[in-house]
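2 protein chains.
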Amino acid sequence: MLSPFLQACHKLPTDYTPVWFMRQAGRYMAEYRRLRASHTILEICKTPQLAAEVTLQPIEALDPDAAIIFADLLLPLEPMGLHLEFAQGEGPVIHNPVRTAEDVERLVVSNTSDLGYVSEAIALVRRELAGKKPLIGFVGAPFTLASYMIEGGGSRQYANAKGLMYNEPETWNRLLEKIVQVIVPFAAAQAAAGADAIQVFDSWVGALSPADYQQFVLPQTTMLIRQIQTIGLPVIYFGTGASSFMPLLDQAGADVLGVDWRIPLDEAWRSVDFRPAVQGNLDPLTLLAPLPLLRSRVEQILDRAGGRPGHIFNLGHGIIPQTPVDNVRAVVEMVREYRPKS
Amino acid sequence: MLSPFLQACHKLPTDYTPVWFMRQAGRYMAEYRRLRASHTILEICKTPQLAAEVTLQPIEALDPDAAIIFADLLLPLEPMGLHLEFAQGEGPVIHNPVRTAEDVERLVVSNTSDLGYVSEAIALVRRELAGKKPLIGFVGAPFTLASYMIEGGGSRQYANAKGLMYNEPETWNRLLEKIVQVIVPFAAAQAAAGADAIQVFDSWVGALSPADYQQFVLPQTTMLIRQIQTIGLPVIYFGTGASSFMPLLDQAGADVLGVDWRIPLDEAWRSVDFRPAVQGNLDPLTLLAPLPLLRSRVEQILDRAGGRPGHIFNLGHGIIPQTPVDNVRAVVEMVREYRPKS
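Just so you know, the sequences run in chain order X and Z. Just so it is clear: in the first sequence, position 267 is 267 by my numbering, and no numbers are missing. Adding 1000 to a residue's 1-based position in the second sequence gives its number in my numbering.
Everything labelled a hint here was simulated from the structure, so no lab data went into it. For every residue, glycine included, the Cβ atom is placed at its ideal position computed from N, Cα and C. Careful: at least some of the hints might be erroneous.
Claimed, not checked - Pulled from the structure, derived: some chain Z residues nowhere near chain X, Cβ distances all over 12 Å: (1) Leu1035; (2) Gln1181; (3) Val1184.
Unchecked claim - Label-pair ranges, simulated between beta-carbon atoms: (4) X:Gly91 - Z:Glu1043: 25 to 35 Å; (5) X:Arg106 - Z:Gln1215: 48 to 58 Å; (6) X:Glu102 - Z:Gly1081: 50 to 60 Å; (7) Z:Gly1131 - X:Glu102: 51 to 61 Å; (8) Z:His1039 - X:Glu90: 26 to 36 Å; (9) Z:Gln1215 - X:Asp273: 24 to 34 Å; (10) X:Leu2 - Z:Glu1085: 53 to 63 Å; (11) X:Pro321 - Z:His1010: 46 to 56 Å; (12) X:Ala87 - Z:Pro1324: 27 to 37 Å; (13) Z:Gly1306 - X:Asn173: 25 to 35 Å; (14) X:Glu90 - Z:Asp1063: 37 to 47 Å; (15) Z:Asn1173 - X:Glu90: 28 to 38 Å.
All chains should be built: construct the whole structure from the sequences, respecting the hints.
Encoded structure:
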C-alpha cells in the first residue's frame, strides 16, 4: 500500500489530502537554529548525520506526510568545478561564474560521486523513517542552475543569463545539456539510496517569457524529467512566478506540477486539463496570519481542489524564518480534518 | 483628433499600434547618465527643468508615441511625513517606516501641494511637446505604496506588510485609505498641469495571492482608479507578477491594463474578455537579443494582439540600464512597420 503522498503523486484516491511544506526544515524551527549556531549550511549538507537530523526535525514536530532531504540545489555545482560559498545573510555566491563557451567546456560532468554525502543522508533518513513516511529527494532544474552559474548568485534581472541565452544559444544549450548530464545521475543516486520521489525545483523560471521558456528551456527540462522518470520515481516539477504559463510547464511531463500562490488552484489545474497531479498552493506568508484567516485560506485551497484525486497540499513557496511553528502544525491538522463538501 | 496612444486607451482603431516604453528615460541613455553624474534622482525630480529635460530625452532619441513624466512613485511619501532617501545602488530607503496604528495616524494627508514640482515639470513638457505627443502622468498604487512604507524599502517576502495586513486589517485599511486620499489630488494636479493619462503602478502586487488581493487591496485600488477617472483621464493600471490573476486586476476598472511578459498577450486579453485596452508585453531583457530574435518576439506580440483596437505596445517592465539604445529605437520601427496579417 502506497503512502497517501505517493498515491496522490499517481492521482490515486486517498483518505485525506497529504500535506508537506517546502523548506519544512529551516530557520523557523528552534531545533534547526540551534544546530545552525555551530554549523554552516554546507557543513550540515555534507555531514550525513546532521543532514538526516535536520530532515527529521519537522517530521517529529509537525507529522507531515512526507520528508524532504535537507540539501541545497547548488551542491552539484561544486563537483562541476565551481567555487560555491554561502555568504552570511546573502545567499549563495559562485566565485567563478560561467560566462563564456570556454567556461562551459571546462565544466566537469563525471564527478557526481562526490555528492555521495546526499545519498548517505537519504539512506540514514530512510532507516529512521522505517517505511512510515515517504522521503522526497530533489534537484535543481536546468534554467535555475544555469542562471545561478552564469549570474554567480542571486539576480533581479538575469541580464547575464538571458544575454548568453539570446546571444550564444549554442553555448546556452551546451550548458543546459551538461547540467542534465550531471543532474540525472545525481537523482538516480538519490533514488538508489531510498528517495521515493524527486522534486525538480525551477525557482527562477518566472523570470522567463513563455516564448523564451518554450524555445530555450523546455527541451532540456523535458529531457531531465523523462530521464528521472525512467529511473522509476514520480517527479514533481515546481516553478515559481510562472503560474501564468502552466500549460508550458506541464509540457515538461512531470507527474506532479507544483503551483505557486499567485493563481487559484482550480484555475491552475484546469489550465493543464487536470493531466498531472498538483501540489500547492498556500502563500507561505499566510502562515503569519491569525488562525481563522489561515483556516479560511487553507480550506479555500482544499475546496478548489474539490476532492479530486491527485492534490498534495503544500505552500506556494518555502516557509520563511519568521513563521510560528504552531501555525504550521495547525495547517497539518486543518488539512487532515478537512472533508470535501459534497 | 486624438493621438494614436489616446485612441488606443479608448479602444478606438489606430493606423498603427502606438508604442512607448516603461522607464524610457533612464540609465540606458547616455544623455541621462550625463545628467545623473551631477544630480541625484531626487534633485532631478524636484527641479522641473531637469525633470522635463529627462522626460524629453527619449522623445528626441526614439520618437515613441507618448512621453511619461520623469518622477518617482515614492515622492508623495515625503509630504506624508516619511523620510525618503535614494541610497547609492540600493534603491529607495524610508528611514521612518510605518509599522503601527499610531504611525498610520501620524501620516499627513493634506500637503500634496508640496508636490507642485511634478506639475511644473508636466507643464514644461507639455509646452515643449506642443500637442505633438501625449504625456502620461503616473502614481503608485495603494498596495505598492503601503508595502514600501511598511517595509521601509525593497523587500523579498513582504513579511512586515503582509503581517500588518493579516493581523491589523483595520490599520491596513486606514493606511490604504490615506494613500488614496493623497494620491487622487496628486493625480488631479498632474491632470490640471496637462497630463493626458495616468498610469497607476502596482509594481509589487505580484507578491499577493488572488484571495489576499481581492480582500485587502482591490477595494481601495478600485476607489483610486474610479476617482482618477472622474477627473476625466484614462487610467492605465500596471501590475507585475500578477498575470495569473488578470481578471481580478481588471475588476479595479482601469481603461487600460498593463500586462507583464510572463503571459501570452492574447491569453491575458482573453482572460479579461477583451473589456479594457491592454498595454505590453515584451520582456525588457529581450532588448539585449540580436535583432532577428527581437523582431520575432515583437511581431509575435503584435500577432497575438491581432489588430484588435486597444493595444498599446510596451515592455512588460522597465528598460534596464544595460539596454542598447539602438535596439529600443529598432523596436519603435518594428512596431510602426508592422501590419496585421489578414
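We went through each hint and held it up to the structure:
Listed as outside the interface, Z:Leu1035 is consistent with that label: its C-beta sits roughly 23 Å from the nearest C-beta of chain X, beyond the 12 Å cut-off. Against chain X, the non-interface label of Z:Gln1181 holds: every CB pair exceeds 12 Å, the least being about 27 Å. In this structure Z:Val1184 is separated from chain X by more than 12 Å, as the shortest Cβ-Cβ distance comes to about 28 Å. In this structure, X:Gly91 and Z:Glu1043 meet the distance hint of 25 to 35 Å, their C-beta atoms being roughly 34 Å apart.
The hinted range of 48 to 58 Å is satisfied by X:Arg106 and Z:Gln1215, whose Cβ atoms lie roughly 52 Å apart. Range check, X:Glu102 to Z:Gly1081: about 55 Å between beta-carbon atoms, so the 50 to 60 Å window is met. With their beta carbons about 56 Å apart, Z:Gly1131 and X:Glu102 fall inside the hinted range of 51 to 61 Å. Checked against the hint of 26 to 36 Å, the C-beta distance between Z:His1039 and X:Glu90 comes to roughly 31 Å, which is consistent with it.
Remark: the range hint 24 to 34 Å for Z:Gln1215 to X:Asp273 is upheld by a beta-carbon distance near 30 Å. Between X:Leu2 and Z:Glu1085, the C-beta spacing of about 57 Å keeps the proposed range 53 to 63 Å intact. Separation of X:Pro321 from Z:His1010 is about 48 Å and conforms to the stated range, judged on CB atoms against 46 to 56 Å. For the pair X:Ala87 and Z:Pro1324, the beta carbons lie near 32 Å from each other, so the given range of 27 to 37 Å is met.
Z:Gly1306 and X:Asn173 have their C-beta atoms about 32 Å apart, which keeps the hinted 25 to 35 Å range intact. Distance hint for X:Glu90 and Z:Asp1063: a CB-CB separation of about 42 Å, consistent with the stated range 37 to 47 Å. Between Z:Asn1173 and X:Glu90 the CB atoms are about 36 Å apart, so this pair conforms to the stated range of 28 to 38 Å.
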